[in-house]
Amino acid sequence: MIRTRFSSYGCIAAWGLVALTGCATTPDARQAWNAEKAGEYALAYERYCAAAEDRPGNAQIAAAIRRVAPLAARHWEQNAHTALDRGESIRAWRMFMRVLEIQPDHPSAAQLVRRIERDHPAETRLARAEWMQSNRRSQIASAEPNQEANPASPEKPRTQRDVKPEPSTDTSKERRTEPPVAVAVAPPEPVAEPPLREAPVMAKTPPVQTNPTPQPIRRDGVRHRILKETDHGTESDYLARRIISRDDDRYEKKVYVIDGITIKLDDTDDDPLEADLDVYIDDERVAKHRHLPVGAAVRVVGRSGTAYRLVVLTIRDRTETVIFGIMGDAPGTKP
Amino acid sequence: MMAVSHRRVRTVRDGQGIRVTPVRDHRTPHPASVTRVAGACALLSLLLGSGCSTIEEGPRVIFCDGAGWSGSHRPVSAGLRAAGFRGRVESFAWSTLLGPGADHYLVARKKSKGEELAARIVEIRKAHPDASLHLMGLSAGTAVVVFALEQLPDGVRVDNVVLFSASLSERHDLATAMQHVRGRLYATCSMRDRILSGVGVTADGLSGRPAGLGGLRIPDRMRSDDGYARVVNLHWRPAYAGFGWTGTHTGVADKRFVQHVIAPRLLDPLPHPLDRPLASSRTGRYGTLARTP
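Protein chains in written order, with the working numbering: chain A, 1 to 335; chain B, 1 to 293.
Check the hints yourself; a few may be wrong.
Incomplete in silico selection of chain B near chain A, CB under 10 Å [to be verified]: (1) Trp69; (2) Pro100; (3) Ala102; (4) Tyr105; (5) Gly214; (6) Pro238; (7) Ala239; (8) Gly242; (9) Phe243; (10) Trp245; (11) Thr246; (12) Thr250; (13) Arg256; (14) Gln259.
Quick caveat, the hints were computed from the structure, so don't treat them as lab data. Each residue gets a CB set at the ideal place from its N, CA and C atoms; glycine is no exception.
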C-alpha cells in the first residue's frame, strides 16, 4: 500500500518535473542528441536550433545549444581556416560568417571576414549580396510563430528532419570537412536510373552529372532525379536560397536569384508533394519544370552562360510555398 | 518668578577655597562643530543646486526601461559589463508610476521625457564631446529614446542605439532620429512577442504594427540616404534561445543576449559582419520585405 502510494507520488513528481522543464524529446532533439554523441557538433547544433524553433522556451534545448555552440563554431572555424589555406576565399568567408552566426562575439571571425572582404572585394561583394538577400527573408520567416515548418531558417532545411545522423567511428579531427546539412530523400524502391527530364531550352546544355541514384517511378510515368545527400552539397555550397510563395504574403511568387535567373512558382501539389517552377532569364521564360518533388535538381544556365543547379529544398502545399537553393553545377564548385 | 538655569555647574575644592565651574553639556553642540556642519550643508546644497555638473568621463549607456517595468536595467548592465564594457550604465526614469497602460498610451508624457533625455544628452556631449554614448530602450522606452533623438539640436549625436522589443510603430519615420546617430540603430524583433501582439496602438501613437514584431520598415516616401542604411533589424532566431532570449518581450534584455549579441556590436567601432541594414539590398533601394506595404 505504502509502496503504491510512493510510486504514485514518484509519477506525479516526474510528471511535474517534465512539465516544468519541458520535454525535449522532439524528433529534432533526438537527432541532435545522437549527433552530439557521435561528435557531429555542427549537425547537432543545427538540430538543436530546429528543436528550439518548435519549443523556444525549453530549458533543456537552450542548455544544449549553449553546450554545443562553441564546438560547432570551432568546427566551422577549422574548416574555414582550411579553406583559406587552400585559397578558397569565398568558401572561407561563408564559413566564418557561419561561425559568427553561431557565436556573434567570436574573437577573430569578424576580423577574418573583414580581411577576406578587403583582400577579395570583387568576389566577396557578390557573396555578401546573396547572403544578405537570402538572410533578410529567412530571418523574418524564422520569427514567425506556429509554422508547421520554417521555410527559411538559415541553419536548416526542414526536410532534414528525416535524416538521421550517422554515428561516426572515426574520431580524428579531419574525418570530414563539413557536416551533412543537406537534404536527402531516400527512395522507397530502387529502380534503374532515368535520364534527366530536360526543359526545352535546357536541352542545349548537358545533363547534370551525378552518381546514379535509384528513383521512384511517378504515377504519371515521369521520373525525376532525387539527389543523394552527397550530391546535394552542403549549406555553404549554395550561392543563394530563396523562398517563393503564392499564398504567403511575405514572399513573392517570382524572385530574382542570380545571373539573370528568375524563378516563378507556378503551383504546388499535396499528394504527392511537388512543385511546378518556371525559369526566366531576363524576364523571358525559358523553361517550365513540372512535378518537382523535394530534393529534385534541375540545371539552369544563367545569362552569362554559367550553369547552376537549382535544388528544391522544401515544399509546403498549405501556403503554396517553396524553398529552393541554387549552387554551382557541381557540389563544392562555384561558377 | 525666578528663572531657573539649566546650566550644570561643578564645585572644585582647591587650596584657594571652593570654586564653581560650569560643566560642558555634551547634549549641546560645540560652536565649532556647528560651524563645520553648516558649512558642509551649504556646500552640499550648492552642489545639488547646480546639478552636480561633474559628469564622469568615459563610455556611457543610457537605458530607458519599459512601460511600468524597471527590471531590465540590471541584466542589461550586467551583460554589457560581462562583455567588457567599462563605463556607466545609467537608467533614465520616465515612468508615470500609473502602470504600464498609462506609460504606453500617454504619448505626450513620453515626448516631454524625451525632451529631458535630449537635454541630458546635450549636457553629456558638452562635457565630453568624444566619449562614446549609446542609447538603449525597452518596449515603450524605445519611444522615449526616439523622441529624444528627434529633439536633439543639430550636431549632437550619439554613437549607437538599441531598441529592444520596440513598441513604436514599424512605420515610424526615423530620418530625423538617424541624423543624430553616428553608428547604427539596432531593433530586436520577434513574432513570438505576445505582449506586442496584443497592443492596439503603438507607443508613439501611430498606426501599424509595433516594430518589435516584424522589425522596422522604410516608409515609401523615404530617400535611400535617409539613414536607413544604418538601421538593422535583429530578428529572433532559434539560436538565440541559447543566449537566453526565447522570443519573449522582456526576455530580450537577458544578460547573455546582451553580452554575446548586442555588446559586440556596440564595442566594436566597425560594423558587425552579420549586420543587414534595411537599405542595402540588391533591389537597389531597400528590398521588398523592408518596404512598407
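Hint check:
The beta carbon of Trp69(B) comes no nearer than 20 Å to any beta carbon in chain A, farther than 10 Å, and the hint placing it at the interface is violated. Taking 10 Å as the C-beta cut-off, the interface hint given for Pro100(B) is violated, the closest approach to chain A being about 22 Å. Taking 10 Å as the C-beta contact cut-off toward chain A, the hint placing Ala102(B) at the interface is violated, the least distance being around 29 Å. At about 26 Å, the closest approach between the beta carbon of Tyr105(B) and any beta carbon in chain A exceeds 10 Å, and the interface hint on this residue is violated.
Checking Gly214(B) against chain A: minimum C-beta separation of about 7 Å stays under 10 Å; hint holds. Nearest Cβ of chain A to the Cβ of Pro238(B): about 4 Å, under the 10 Å cut. The hint holds. With 10 Å as the threshold, the beta carbon of Ala239(B) comes within range of chain A, its nearest partner Cβ sitting at about 5 Å, so the hint holds. Of the supplied interface hints, the one on Gly242(B) holds, with its beta-carbon coming within about 3 Å of a beta-carbon of chain A, less than 10 Å.
The closest approach between the C-beta of Phe243(B) and any C-beta of chain A is roughly 8 Å, which is under the 10 Å cut-off, so the hint is satisfied. Residue-level restraint check for Trp245(B) holds (minimum Cβ-Cβ distance to chain A is 9 Å; threshold 10 Å). Annotation: interface hint on Thr246(B) holds; nearest CB of chain A at approximately 4 Å, less than 10 Å. Taken as an interface hint, Thr250(B) does not check out: its beta carbon lies about 13 Å from the nearest beta carbon of chain A, beyond 10 Å.
Nearest Cβ of chain A to the Cβ of Arg256(B): about 8 Å, under the 10 Å cut. The hint holds. Taking 10 Å as the C-beta cut-off, the interface hint given for Gln259(B) holds, the closest approach to chain A being about 7 Å.
Comparing the model with each earlier hint shows violations of hints 1, 2, 3, 4 and 12; every other hint is respected.
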